[in-house]
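The lines below spell out each chain.
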Amino acid sequence: MASTVTNRIESRFRELRENSRKGLVVYLTAGDPDLDATEGLLQALDRAGVDVIELGVPFSDPLADGPVIQRASERALRSGTTLRKILERVPAWRQTVQAPIILFSYFNPILQFGLERFAASAAQAGIDGALVVDLTPEEADDYVQRMRAHRLDTVFLASPTSTDARLEKAAQLSSGFLYLISRTGVTGERSEIAAGVKPLAERARRFTSLPIAVGFGISTAAQVREVQAHADAAVVGSAVVHAIEEYYSTGGPAAIEQFVSGLKAAAGGKPV
Amino acid sequence: MGTQTIKPETPTWPDARGRFGEFGGRFAPETLMAPIEELEAAYCHARKDPEFQAELARLLKDFAGRPTPLFPAERLTARLGGARIYLKREDLLHTGAHKINNCLGQGLLAKRMGKTRIVAETGAGQHGVATATVAALLGLECVVYMGEEDMARQAPNVFRMRLLGTRVVSVSSGTKTLKDAINEGMRDWVTNVHNTHYLMGSVLGPHPYPMMVRDFHRVIGQEARRQILESAGKLPDLLCACVGGGSNSIGLFYDFISDAGVKMLGVEAGGRGPKLGDHAARFSGGHPGVLHGSYTYVLQTDDGLISNTHSVSAGLDYPAVGPEHAELHRQGRVEYTHVSDKEALDAASLLARVEGIIPALESAHALAEVIKRAPSMLREKIIVVNLSGRGDKDLGIFQSAGIL
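Taken in sequence, the protein lines are chains B and F. Using this note's numbering, the first residue of the first sequence is number 1, and each one after it goes up by one. Using this note's numbering, the first residue of the second sequence is number 1, and each one after it goes up by one.
Be a bit skeptical, because a hint or two may be false.
[Claimed, not checked] Here are a few chain F residues that sit away from chain B, every Cβ distance over 12 Å (derived from the structure):
no.	residue
1	Glu51
2	Arg66
3	Ala78
4	Glu148
5	Arg153
6	Arg162
7	Arg226
8	Gly233
9	Leu235
10	Asp259
11	Gly332
12	Gly356
13	Ile358
14	Leu395
15	Ala401
[To be verified] Simulated DEER-style distance windows between Cβ atoms:
no.	chain 1	residue 1	chain 2	residue 2	range
16	B	Gly262	F	Asp392	54 to 62 Å
17	F	Gln399	B	Arg148	53 to 61 Å
18	F	Pro274	B	Ala149	35 to 43 Å
19	B	Ala195	F	Asp302	40 to 48 Å
20	F	Glu55	B	Ala165	29 to 37 Å
21	B	Pro67	F	Arg58	39 to 47 Å
22	B	Leu115	F	Ala41	25 to 33 Å
23	B	Arg148	F	Cys44	28 to 36 Å
24	F	Ala41	B	Arg148	26 to 34 Å
[To be verified] Computed, partial: chain F to chain B, Cβ under 7 Å:
no.	residue
25	Gly25
26	Met33
27	Val190
28	Thr191
29	Val193
30	Gly304
31	Leu305
These are calculated hints, taken from the structure and not from any lab test. Ideal Cβ placement from N, Cα and C applies to all residues, glycine included.
The shape of chain B in the complex, shown without the other chains:
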């Protein structure tokens, strides 16, 4: 039962800290290209040593996402993936996947599922938390309470544009970790990491002792290392989804495992 497991995210970050290592968070869209594939991909990420998996719930209108994740969403929706079907499959996936899993979703699918039903089903299924990309702290009280009641972590986002007041609110409502957006814009691979990461991470530290993960635009091992100089973990999304789009059909989960292992080596390979 999920409730008897101590918080997976907290323990994972504690372990990392005890070993003076930094973490790797990886995003993939559930159901891309279909839910059977997702099982193998989750296992591949787990074998590659990913510290937290963000499992994307596909949405018809992913307005915070760039073209790579939009296409993944479309593939997942075409294969009939819904929040309900994802939650039905998680218990089976949990049998073999050790890494913490948080759901990454837009608000409307969760709202239609029902906040209480969502929190209860997610906890029951073995999910560790959620990040709702268009649910801002000011609209999140009910959601946070219900998630807490089911011992689920709530990850909120802070951006370079966030004022100190907003940063503080996001930090207060977050548990597990706080997610910093490296730059303005949608999700997607970029060739350079924004100079704004360091000052944002420094500001965030003033408001929280939670682990800090930095994402948006991070796609290479070098970028993972660069970001980790300022944070406890790097988040890689579009680059992994892109790899799934390019290589999954020919290379299967092994191809993705290889790609992510390279990122993980950059992330956790050497004590920082």
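Add chain F to chain B, keeping to what the hints say.
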């Protein structure tokens, strides 16, 4: 005349959280939240600033052509044989629709905020043209996102925007219509937020947009109220307007909300039938959810995925409705109904033939409902219909519908 001429209080919503009752609010990616707060502060300041209001009033008069006439449609009235019908001629405004009211307001505000670039979405192209026009007038760079399907069916407006110096970006994701154009516009805004203002074209989006866009269109109802009192000596019995996002309708309705004797009717796009995906009648086929920043009625699947919509009118072809309408619907203050593509096309043809006015297909939805209701109303009753736009842009659609 008596008490009818004393203006009752209009509602003071939304509250500080941008809620109209339970509807509205602010659901947006975090990167947009600081700019949205900045916009709210700038707007709240401008709203009370006589200089801003004077500049807006000057442009509405000298550039856009306000006030617009309230025209007694006598031949249409005689033809239908019931209530007296007046048309609020927003179609006579510069750029051909009510949209310019809001674009001038937001354009001035963007300039005041030091923004140099404007992005907008457009469905029928009326909002895009109005935005492009204001950007040219104020010397702002302008990019308009438009669904591929809408670009094809509203081609004249694409050419107008280009001529005005705006870059029109074709959106080929999702349904290739207004909803996806908004997604793309938001993606642009979140990327270029430092110098860019998102010029939302309807009473949609996160707070303060629904409030701000309503305020900029309120002038429609303020003028109509004064004009009908002058010409008929009493308030109208019924107001009627089409509802896509809901900006022209809320603009007409707002100053009459507290006039208990004035009924209000919002007309949505019934499309080609009641099946999900075949229409854009949110109040008959939708239920509350979150889309594009606001909690409101949304056409969606049981799993919370946003549904496809259809309407012959690109401006009404959208799965959500402004949150203030959702609250007016809940209260029963405004009645919402819908008419089919065919009824709208027929209404447009009728108005063209009996009054010499070619309405936009959006506005023709309101007319179509009035054509149904006027005959059974007494002759002393008064209906004011918002003729929100002109129909030149729709000639291609009339042609393919076999009407020409």
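Which numbered hints does this structure break?
The structure conflicts with no hint, since it agrees with every one listed earlier.
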